[in-house]
Structure formats: structure tokens, C-alpha cells
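Number of protein chains: 2
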Amino acid sequence: MTQTELAIIGLGKIARDQHVPALAASPAFTLAATVDPVSRREDVPAFTNISTFLAQMPEVGAVSLCTPPQVRFAVAREALLAGRHVLLEKPPGTTVSEVMTLERIARDQGRTLFTAWHSQFAPGIPAARDWLAPRRITAITVTWREDVRRWHPGQDWIFEPGGTGVFDPGINAYSVLTAILPVALYTTGGTLEVPANRETPIAAQLTMRTEEGAPVDLDFDFRETGTQTWDMLIRTDQGDLALSQGGARIVADGALISDEGALAGEYDRIYARFAELIAKGESDVDLTPFRHVADAMMLGRHKQTDAFAW
Amino acid sequence: MTQTELAIIGLGKIARDQHVPALAASPAFTLAATVDPVSRREDVPAFTNISTFLAQMPEVGAVSLCTPPQVRFAVAREALLAGRHVLLEKPPGTTVSEVMTLERIARDQGRTLFTAWHSQFAPGIPAARDWLAPRRITAITVTWREDVRRWHPGQDWIFEPGGTGVFDPGINAYSVLTAILPVALYTTGGTLEVPANRETPIAAQLTMRTEEGAPVDLDFDFRETGTQTWDMLIRTDQGDLALSQGGARIVADGALISDEGALAGEYDRIYARFAELIAKGESDVDLTPFRHVADAMMLGRHKQTDAFAW
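Chains A and B, in that order, are what the protein sequence lines are.
Following the working numbering, the numbering of the first sequence begins with 3 at its first residue and continues without gaps.
Following the working numbering, the numbering of the second sequence begins with 3 at its first residue and continues without gaps.
Quick caveat, the hints were computed from the structure, so don't treat them as lab data.
A portion of the hints provided could be inaccurate.
Any copy, or any two copies together, can satisfy a pair, since identical chains are not distinguished.
What the hints assert, rightly or not - Derived SDA-like pairs (lysine to any residue); straight-line CA-CA distance at most 20 angstroms:
#1 282 / 141
#2 305 / 190
#3 15 / 181
#4 282 / 41
#5 282 / 48
#6 305 / 197
#7 15 / 29
#8 15 / 270
#9 92 / 129
#10 305 / 181
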């Protein structure tokens, strides 16, 4: 199999923790360069500027964008217009409109654009979707509580406009929900707790409904220093499904139907999917999770809370 | 021509000022009922409850939803599921996801759903679009300043979550922009001024860019007690276009290309379009203006401002 050369743009925590190892194991891709204003690796060419990279390495056919979302659009647009396939880490941008514009540019250029929602590649997702498909949802509770200092140390961009605050992990919950539920959801209200010295929520309590009216309660919190929780409980007319560890472990009607380590293989499957899309000449742009964030930000009541410092 | 019987749901200011006269003049529709918890007319049956209306008047084939947006989704869903064609006054709901769900239900039901952006039916819109089509946009300024006490007296829902505050008129500016520009826009930032005692912005200063990077500055203000202004200036590589009175008056390259009264004929054209969609068995669901509001609410910095009282 001929490997596609790929560059990582934005060599931060998620790139080092997940993308680099997944690329090292990928039969489809090989890491050919990095682009980052400060970070670099010694084993591949390092650029500090996207334009220079695009001009000097035309043989690199694909890029993975792992930068903070605030600079994503301009870089992705430039890469697509230069004929590269583009994988967007989550969240795919700062606004839904940006990503829709990228989708159109990718189509015009005949290149692949892939919004990689890593939680949709969690090991238990297919089993959960299959189990839920024939059932009627009656109620859902989502608890997504983690310690921002542990998972995003010093990442101030999270609390800047476009960083979405606690929706940075919360969007993973949305991406799981929309991947496994047989019905559409919409937001009905909620509270957004914004630190006095920051711009985006550090916690959010939200209500949604399924299209048929079943209640959905979501509890997102970035201040959880105890047990880290990425759980949902989905009640149906024929038993309940409990998802934990962000989608790794699934118990349905009391029986364990999936139990692998959290994040196991997520990024391997993401790169396999990216290779498949490129081979087929297709894009995969799923905007639903991001739209739920935008809807929550539009409908939520702002409530000022304690100033936040790292 | 056989007229379609139509019910107005939500007999408030916009229904009385615009929908009732437009229906009286329409060759395609006739007002057959109203549904409103308090208001009524003497000339047609009046209901206080949507379910009762749907059950008792199956011959009424279409409804216009003029309620505040917070109750729009449930009512529209019920009407579509009961086989009625639905016109949604702007804004079409409280979240983009809601309206996308309605779009799917309309498709499943084989009924027409129409998001009626009245400003897109302003008299100067076609001339502006044609004039701009071959030109390259270099800069845009939008000034949308009106007195909320004059245009929305006592309408507290505007300042409740889902009411969108100053975006209620601002969305008209977005709907004009997206109707006349040959390029996509996306929001890059801004400030949202929220009264200390309210939930939604009373003013907003926003920046957008065209896809090609041209700057777009928007000034939305609900506190304008002086001259009411609904203007935009669009600079291009071949002259400028000035739109005023919300799209009624257009001056392009110094020449007047459209000058009719503000709102002249907007609702007549809306109902003609609704009739055309029903005849063709199509829907027209344009979510772009609403998505720009959601993007602005997601990206804007909140700034507390003076408490607001009517």
C-alpha cells in the first residue's frame, strides 16, 4: 500500500499524545512534516509557517489540523486551496459557518475534508448504536465532568471566544449522542457558568429533548478534581443503556456489551477512516455536535461564577 | 384559482400589521382561522389551542406561525404531523437544530415548510443581487439601529433566552446580506452588550469576513431613539452599493436603482412564494441568517450594560 505523506499542523498536546502514535502505526499514512510556531520534532522537517510548508513540500498530500480552533479556518482554507486533503481535530472551527465554507471549498477542489470526532470512534459506539436502533428513547442523562487543569493545562485559548470552554469536552458527549441515538435532539435551555475573568463557560447545565419529547439532561463541568466522569444513561421502552469512559464501556440491560480501555484505538480508526475517504474521493463533515454547542450558547442563561486561574 | 385556507397562529403585532393585510390581498390564500391564547378576530373562527384547531378544521391546509420563537417548534411540528403546510415568521425557532428537525419532518410528510425572511422580499433585493453578482467585495459596513420600545413595545420575550435580543432585527440584516452577496460570510468576533437585568443582547458590534477575507463590520443597536437606520454600504472593486431602509432603497455607483417604500409589498411577495412552494410540493428552508446569529452568540464577548425597562 502506498502511504500518503501527511503533515501535522499544530504540534500540541493532542498531536503528541494521539496523532503522532496513530500515524506511526498507520498503514495508510506517514508523518512527513510538522508546522508549528514553536514546537518541532527532530525526525521530520519542521516549519513555522503554513504557506512555506505548502510551497516547499508539494508531495505531502494531506494535513491534520490540531491547532486551537481560532486559527483553524484560515489554515484549512489555504491547505484545501493548495490541493491537500484536510483532517480537522475537534472542534472543527470557531463557527458552524466557517466549517460549511470549508466543506464547499473541499468539494470545489475535489479534496477530502474530514471532521474527526474522536469520541465517535470509541470502541463501544457501534454496539451502542445497534442496541438503541430499534428502541424508543424515554429519558437521557449525560454527566461529563473533568478537571480542566489536568487535561488542558495552561490552554488559555479554551476560555477565549471560540474556545467554547467546557463545551470542548462537552462536544464529545454531543458527538457520542448523535452517533448512537436513532432520533434527533434539540436544546431547550440551560445555564452557562462563566468565570468572572473569562469569556467561555467553565460549567453548563443544559436541557434538551428528543424529537419525540423525551427529556435529556446534561451536566458539563470542568472543575471536577475527583473522579473523572464521562457517562450517559439512556432509558428506553425496552431496558436501559449505560455508557461510561466516554464510550469505551457499555452496559445494556444489565449486560456488558463493550469494555475496552478509554480511547483504545480511537485515533487508529480515525486515520483508517481518513484513508478510506481519500480513496473514495469523499468528505465526511458532520456538523451536528458543533451545532448543538452553538444552540446551547445561544439559548443558555449566562451566570457569572468564580474567577478561574490555572 | 382555488384559494388555500390558512390559519394564523399567534395573532400579535406582526400578524396584525403584515399578515392579515397580505392575506386579504392574496389571490392564493384566505384567512380561515386564528389560534392565540388571548387575541382574536371577529370575522373568522378563533381557537386558543393548536390541537383543537387542527382537530376541528381539517380543511385548513396551511398555517402561518407568528408566535414568539420560544413555542414555535412544538406548534410547527404538530401542524406538520397533522399534514399542514407551515410558514415560519422570522426567526424560525430558538435553535438551528429545531428548524432542521422541522425540515426533515416536512420532507417525511410531503408538506411545505417555508422560513419566511421578510427582508429578502424587500423591493430592492433582486437589483442589488444582480448588481453585485459580477463584482468582488472589498469591504462591508452594516448599521442596523432602531428603538426597541417603538417596534417591540412590551415584548419581553425578546430579552428572554431564545428571543435573541437585538438579533431580532439584526437577523434581517443577515438575511439581506446572504440574499445579495455572491460570497459566503463568517463571523470572526464581537461584543454583545447584555442589560444587567436581561438575558439577550440589546446591542452588538460584530466583525465578519467574506470567504476571501474582506472585512465586514456590523453595528446592531436596539437603543436608537433618533433616526431609525437599516443601512449597509458594500464596497467592491467596481464601485459601491448603498442599501437603506432595510432594502427598499438602493444606490449603486451613485445611481438610484431601486426606491420604493420600506416593506412595500414584502408580505405580498412572501405569500406568493408560499403558494408557489405549495404548488410545486417544495420547501424553502434557508438557515444561513439564523446560523450567523448562533455563531455571533457563540463567539461574542459578553459585556454587561445598563438594566433595561420599558
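Outcome of the hint check:
Neither within a single protomer nor between protomers do residue 282 and residue 141 lie at most 20 angstroms apart by alpha-carbon distance, with minima of 38 angstroms and 39 angstroms respectively. For the homomeric pair residue 305 and residue 190, the shortest alpha-carbon distance inside one copy (17 angstroms) is at most 20 angstroms, but the shortest distance between copies (24 angstroms) is not. In the homo-oligomer, the alpha carbons of residue 15 and residue 181 never lie at most 20 angstroms apart, since the shortest distance is 26 angstroms inside one protomer and 42 angstroms across protomers. Within a single copy, residue 282 and residue 41 get their C-alpha atoms no closer than 33 angstroms, and across copies no closer than 58 angstroms, so neither meets the 20 angstroms cut-off.
For the identical chains of this complex, residue 282 and residue 48 are neighbours neither inside a copy (30 angstroms) nor across copies (57 angstroms), given an alpha-carbon limit of 20 angstroms. Taking identical chains as interchangeable, the C-alpha atoms of residue 305 and residue 197 lie at most 20 angstroms apart whether they share a chain (9 angstroms) or sit on different chains (13 angstroms). Within a single copy, residue 15 and residue 29 get their C-alpha atoms no closer than 23 angstroms, and across copies no closer than 64 angstroms, so neither meets the 20 angstroms cut-off. In the homo-oligomer, the alpha carbons of residue 15 and residue 270 lie at most 20 angstroms apart inside one protomer (17 angstroms), although the nearest pairing across protomers, at 57 angstroms, exceeds that limit.
In this assembly of identical chains, the alpha carbons of residue 92 and residue 129 never lie at most 20 angstroms apart, being 23 angstroms within a copy and 41 angstroms across copies at closest. Taking the shortest alpha-carbon separations for residue 305 and residue 181, neither the intra-copy value of 31 angstroms nor the inter-copy value of 36 angstroms comes in at or below 20 angstroms.
Of the numbered hints given earlier, the model fails hints 1, 3, 4, 5, 7, 9 and 10; all others are met.
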